[in-house]
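Novice: The sequence shown: position 218 = 218 (this note's numbering), numbered continuously.
Errors might be hidden in some of the hints.
[Said to hold, decoys possible] When the alpha-carbon atoms are kept at most 30 Å apart in a straight line, the in silico DSSO-like pairs for lysine-lysine are as follows:
| id | residue 1 | residue 2 |
| --- | --- | --- |
| 1 | K228 | K93 |
| 2 | K395 | K62 |
| 3 | K359 | K177 |
| 4 | K254 | K228 |
| 5 | K177 | K114 |
| 6 | K191 | K228 |
| 7 | K145 | K228 |
| 8 | K270 | K78 |
| 9 | K114 | K93 |
Note that these hints are calculated values from the structure, not bench results. Just so it is clear, the structure is predicted and the values come from calculations on it, not from any experiment.
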Amino acid sequence: MKTTWLKTTLALTIGAASAQAFANGIAINEQSASGAGTAYAGRASSALDASTIYGNPAGLSKLKRTEISGGLAVVDAKDDISQAHSSATGSNKGDSVPLAAVPFGYFATPLDDKVSVGLGIYVPYGIINDYEGGFQGRSHGSYSKVQVITVQPTISYKFNDVVSVGFGPTINRIDGKLENYLATTGVAGAKQDTKVSIKGDDTAVGYNVGVLVTPTDSTSLGMTYHSKVDYKLSGHTNISDSPLGMFDSRMNAKLDITLPESLDMSITQKLDDRWTVYGGTTWTRWSRLQEIEVRNSGAPLASFDTIGEELKWHDTWSAAIGTSYQFNDQWVLRTGFAYDPSPTTNEHRTVRIPVGDRKIFTLGAGYSPNADMTIDVAYAYLWESTTSVNQPDGKTFGPVNLQPAYSAKYDNSAHGLTAQMTYRF
């Protein structure tokens, strides 16, 4: 039997990552500081360092020496809640996203004039979203954590000075946890709401493939395809603190979900010895996320057998433009702007995924004290259009409304700082 009494709690695994990352929907962009400075415009057409393993695996052919590159992005996100309405009592403090760190690392080396190989480790998705204990919308979502770690061995082949291709299988490990509280305080003498917690994990395989075309010394065109990844998560659903313990249980849980494919197309144009401009667009097939279901076994009631969620997400096109200025032999300065629309609407937006259309402004710099080392840093400011969350009443138990309707306005913003060091030998 299917029920939607946990509507939005399942969004952890597929949506909440955007609350603290600089890409919309579930994607995280923080895999490179050198690319972050131009808002990742030109990511598929510029092989600045070994982080091209993610941006475009074909770019390995442009690296002439062995490189080790690694770094960290720190994101400080803020969500302001206003005009909140619900029959439930509670607070609406917002600021539910703690300070987050996103690491990445790469190794690349040429084998000969044609073939190069590399290895990348990065985080394509991730969030910790933690509302205060008395959050008014806690029956629709109180805590979310998800992390995907990807390992990508990569190979590229250079056909000639114009065309290169690259390919890398991805091994992806996903771990997730979500919680909410059903409004049972006062039912059968209960002194607190019933806690529902879902955990799950899986490892799945995908791939990235890219092509890089350099028709002239000043122009590069790139295209990268990131495949879908099919996950079959296994874990547990725990129900605790229910009135008189009548629903307390631990159930085996399974969830099948496909994270969508994307296509990144970009151009890099060198204007002269100092100025370079970048442009890019990314299509993401968010429409794969129409609904999801958690299947439980050993449920205390048939209504707990399947927990379902309709998402109704739609495909999006994001765009970015950037520029760099080679100040001297040691310093390069960067800036960029990106627009990334939300894959959801007011009708389907939830407290776990309160994202709107997103704008991002970036500044960055690269410092090379010598030919062997480069240090890249980038700062980003993100702001979103004011969004609405309108979640209706959910599951009832007799006369008791376990999920009172909740509506609110969200104003989201974030600051990000990314740093990276590349060493060549």
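Novice: Are the hints correct? Go through all of them and say.
Specialist: Okay, the hints, checked on the actual structure:
1. Taking the CA atoms of K228 and K93, the gap is near 36 Å; set against the 30 Å cutoff, the hint is violated.
2. Distance check on the hinted pair: K395 and K62 sit about 57 Å apart at the alpha-carbon level, beyond 30 Å; violated.
3. Using a Cα cut-off of 30 Å, the hinted pair K359 and K177 holds, with the two alpha carbons roughly 29 Å apart.
4. As the CA atoms of K254 and K228 are separated by approximately 19 Å, the hinted pair is consistent with the 30 Å bound.
5. Between K177 and K114 the CA atoms are separated by roughly 45 Å; this puts the pair beyond 30 Å, and the hint is violated.
6. This hinted pair does not check out: K191 and K228 have alpha carbons roughly 45 Å apart, beyond 30 Å.
7. Straight-line distance between C-alpha atoms of K145 and K228 comes to about 21 Å, which keeps the hinted pair within the 30 Å bound.
8. For the hint pairing K270 with K78, the CA-to-CA distance comes to about 37 Å; that exceeds 30 Å, so the pair is violated.
9. Distance hint between K114 and K93 is unfulfilled; the C-alpha atoms sit about 56 Å from each other, more than 30 Å.
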